[in-house]
Amino acid sequence: MRIAVVATCLGDAMFPQAPIATVQLLERLGHEVVFPADQTCCGQMHVNTGYLDTALPVVRHHVEVFAGALDDGVDAIVAPSGSCVGCVRHQHAMVARRAGDEGLAQAAEHGAARTYELSELLVDVLGLTDVGAYYPHRVTYHPTCHSLRMLRVGDKPLQLLRHVRGLQLVELPEAEVCCGFGGTFAVKNAETSTAMLADKMANVLSSRAEVCTAGDSSCLMHIGGGLSRLRSGVRTVHLAEILASTDEGDASVDAVVGGGAGSRSTQRTGEAAGAAHGHGVAR
Amino acid sequence: MTTVQLGMPTVASDPHGHLRGTESFPKAAHKALADTQLRRNLGHATRTIRAKRAAVVGEVDDWEELRRAGESIKADTMARLPELLVQLEEQVTARGGHVHWARDAEEANRIVVDLVRGTGADEVVKVKSMATQETGLNEALEAAGVAAFETDLAELIVQLSHDRPSHFLVPAIHRNRAEIREIFLREMPGVDPALTDEPRRLAMAARAHLRRKFLTAKVGISGVNFAVAETGTLSVVESEGNGRMCLTLPDTLITVMGVEKVVPTWSDLEVFLQLLPRSSTGERMNPYTSTWTGVTPGDGPQTFHLVLLDNGRSNVLASPDGRQALHCIRCSACLNVCPVYERTGGHAYGSIYPGPIGAVLSPQLTGISGPDDVNASLPYASSLCGACFDACPVRIDIPHLLVQQRAEAVAAHTRPTAQDLTMQAMAIAMTTPARFKFAEKALGLGRVLAGRKGRITGLPWPMSGWTNARDLPAPPQETFRQWWSRTHGDTQRSGAGPSTGEDA
Ligand code: SF4
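As they're listed, the protein sequences go chains G and E. The numbering of the first sequence is the numbering used here, which starts it at 2 and goes up by one. The numbering of the second sequence is the numbering used here, which starts it at 1120 and goes up by one.
If we strip away everything but chain E, and leave its shape as in the complex, we get (with noise of 0.2 Å):
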């Protein structure tokens, strides 16, 4: 899809936006692990992170049964999207908003583009929008003369820097201060030279400059974490209360949405409300909530747009056992848990959306087109160790979505590769006791192999993936199977009783 160009964000040309990286996650994942800043800091703040998180969900008496009420309201609302977002369009235009439906993300972006330009603005501003950097929202405003300028902080750090985001929460967790600074004093307009790394005066330079842009913006473009059906209201939690100011301030508001965002009621957003912060930034409650229903004469936006984004989430709907990806509030927990992530951070998934959640959604939302398809190396980016199915406050079975999505990659193979080949050649020997019993008997040669070391410790590929870093122990000189013959005959059984009896 997009080739990236040093200083200059990429240009989204696929239909379907940031979903697919430009490689593999083994190659893209090589950078990384090269990268010894980068894992320093992300090993730092996924386990600071990873700490509060665990503190404040230990509070919670009945947090199982929290995560199961989240559990079934999604599944409740996949059982019923189509309803539940037309209630919401009723609800929202009944109260004053407009409603538009996207199919893709060139879709979306067109829309939004067209709503922009009516108004007449030649700068937005920006927050909280996963769905819109999904989309390419903010290169298809550039190419239309718009400029967007984006306000949670660590997103400015991220656009600053001609970055992308690598974490739905912090998406700059892959920057430390010292970074920070440099990308301020380079990038920011009128920023006190003096600038240091403090936390605090970070704080202040990103809030001067971003005041500016709070007072003169006329349009304000968020995302969105939950919709409720009923009322048509739309609701934003966040940190820094930037958020607030982009959805009050502005007098157009544009809220760009995955369809997969609806709740169907008031008391369904309140377990919500309590499973997203503990489970996101560790907190019992994130400091701003805001909620807003169509427009209100004489306080705030008084034009309000409403934009519905499928892209390739029906599909998703369309499969069983997929769908639960859906369910998904991008609370973040799956990655900070994900031992894999924490090596490789976000930019190695390709997609906007990383970790465990990203490497079965994204494959999802664009389809797996072929083996040499990047997306279909994501579902392999994973020991399937089951952190992420702990650690999720609505219970997706990612483990489970994993392998599925394995089983989607390898149905994607046009002819038969080595992998296969070796797969069902092994299947055969598997089911066939007395191919089993021969196979077993070619590992002699691996005792030949590792010689008088008793050691294997070189093979050739793809078997020098192990070898380069771990010795494999030479075959034994007796399996089981000759054990037990030896030990016990030819019977399967042992004989009644204790055989070396002590302890009975």
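Only chain G is shown next, with the shape it has when bound in the complex (with noise of 0.2 Å):
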């Protein structure tokens, strides 16, 4: 299949190892990968936010980018993150509606049909549940709201993890309750954010996983963010880099992305958190 990549903003900027991950996991199950390179954002913080006639050329962007990738043959459109596909699949024709651009929102419901979470990309449409990942960590999954209740991702999160060599999957309490994040809501109500964060926090600690992983860049930041701060030890990691992890070792995640030096040693957690495999930054 030819599939193209989202790499969303945050994971562009900020999160590299996700859209990495994706990539070289599709292209290790034999996938050509396209990096539509003019893309930026799918305009989620505006729509989210309440800037829809703001967020309209953001929208109209990443249509006409995404379009021109299907016009050149890619057979589906991937993301890492939940959210962002949440934002294509329900919020782009709904602003093009608003703005009264009926083109723009057929436009944005043809390329919403072929746009993928990445799971979703994995078990529906390419019909794998494992893809020979090797990941020996105790790992936890938070579901994130939007893959969860927006995308209806379901299990498949879990099945694909299920089917990781080496990775021991430890149930997370209360794990369909939102950590707090919500974009701009993490600033302008900072406070019952953080609340709702603790006690996520909590159930994760509670876990004794070694590792939080979920679908979407932005919620790990926020939970990692508030783990960092605890010095508690435990890492996350995006779903798309355990996925993308394989006992041959692959090095190359964690040779360019990262903070500081010592960023990472101090978030480790014992030997095994300190192989090859351990591909999560350290928050």
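Note that these hints are calculated values from the structure, not bench results.
In silico DSSO-like links for lysine-lysine, alpha-carbon gap of 30 Å or less:
no., chain 1, residue 1, chain 2, residue 2
1, G, LYS189, E, LYS1556
2, E, LYS1556, E, LYS1572
3, E, LYS1572, E, LYS1560
4, G, LYS189, E, LYS1146
5, E, LYS1572, G, LYS189
6, E, LYS1560, G, LYS189
7, G, LYS189, E, LYS1150
Reference excerpt, derived from the structure (chain G facing chain E, CB under 7 Å, subset only):
no., residue
8, MET15
9, TYR52
10, THR193
11, THR195
All C-beta atoms in this analysis are idealised placements derived from N, C-alpha and C, irrespective of residue type, glycine included.
Please assemble the complex out of the two chains, which come individually in their own frames, going by the hints.
See the structure below:
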């Protein structure tokens, strides 16, 4: 298949390990990956903060870039982010229609019908639950609200995780409760957001996982930011990174991402986490 | 609008009543978040009721179909609301009732006060009325020298403590037993001083107190859960039976209902009587369902008045998307699943309508007057997690309405705010790939901020809201885009076939 990747603005600029892992995984599975280089952002933050008119050109840009990719023979579009796909699928056409642009709305729907969140692409489109990954860690999965309730990905991420060799999946109590990120909510209602985060972290810690994973870098940035402040030693790692890991090691992600020196070492929870598969950037 | 004087009920000076608080959501939430007792009470109550609801909803095989039925009945009702209300009026009048139309809270209160005065009564018993909470009727009655007694147990607790409801179903959800005992001891005339906080003892004390009122009051005032247009029948569902006493013992019954409570037919009622109790109290059926149609000579109240309250509802109806908010049957399921409500409680929303539905209904009813309107902060009192939609028995798309109301809040900016300018600047960068790449480069600054520890632990306002409790990672040394051109060259495509070939 020829698959176009949406790096997402946050993924491109702040958490490249997620789109990089997405590319590596899909290439390893034998697919041709396309990166439409003019892409920027899906406009989710504008839409969800109520800037529907300001979002319009951003939406138009996204729709046009990926319409171009589809014209170019791309079979599917994938983003390692439930919330970005949620925006593309459920909000782009709304923004266009509100502005009275029916042509854009239809183009948006056309693109949205071919845009998938990573676990949807793997399970529904490619028919895979075992992607041949190896990740020898104790992992808990946070389902993220937009994957869960906007996209209804159900247990697809769990199916994928269950097939990862070496991975010990542990249950996250009250998994389906929001972590409190919510985009600008985390800043506008910082105290409420933090109260929600505190409960999420307590649940993560009680699961005794070494790694908390999810399908959205933004939620992971929030949970990981809290866990880092607590010096908890639990890392957050995007689902794509886990699925991209193999027992042959894959140092490329480690080589290119990460903050200043020592950022990772402070977060390691022992031998295993320090192995070549520890793709998570310490937060 | 109102100023709060401790120990004194507030007087609604806004013609629209209690639909606006005095401070923005984040400010009001700040107090609630600091109140650990309140958070414990709320967390305990919402968790219990969530579990009960999930269990009884799980028993119904066709729950999703029922929800869809509820949704379409409501959509149909709203599409022909004027006609259904006229039908309701005709039917109520034909069966001996009187119908009054009230444009706003002030007018509704005036109508009710005049009706009560006309009977010569100086006290009334009340039950089940969000609408009169909305209008601030109790205060209006008090100003007219009429004492109003709430008879719903939780409402009674709220009234005795000079508090305001914080939940549709459990208005005193923020109180625990020990607090209730204290309130009773302090405020209930003639209460046994040896009262304990055992639920049964508390209920008995309330019953003794209320019975005296039921037997003496000449006027009852009620709300309504549903009004059936085809027969002019009003209906109240409840758990305690106090409502039934209120509805049957007084000589005069005055019912105040928001115009959206009408349903076309009895068979529509059937759908809601299944959806409501399961969603609301987590019961298969509520213990008491009362219905009454006009007046029946020699049985129950001999005079019946129905006050139809608009108070902003016509405006909501005029919005093609927003009118969904009028579908609400006030079951409170969305409150109980909302992680924001669970932590801040109902009072933080200012308006009498709290939680996710309140966050979209209140600003629609009042309109958003400008950037400083406290109701402009309500649509942002959500992380858009979507749990409210899944819980709502009539499938109101609350997350969508939240976004729509945020757009209204933005549109109410009279001159550009700092946020507006940031959003515009970002939109420009996000539609110009060259500028976007340039903006990404500027992130290198973040690495400087992060320093050697690789984490950003303190940023200036408004981002301090983030870094007060969370670190930010340092931006990576290489963006995805840079990685792509380093590993894949400037082509947009990877080579066909597996590049690191295994498991292909
Ligand atoms: S919006 Fe839905 S869930 Fe919330 S109170 Fe109304 S009917 Fe119940």
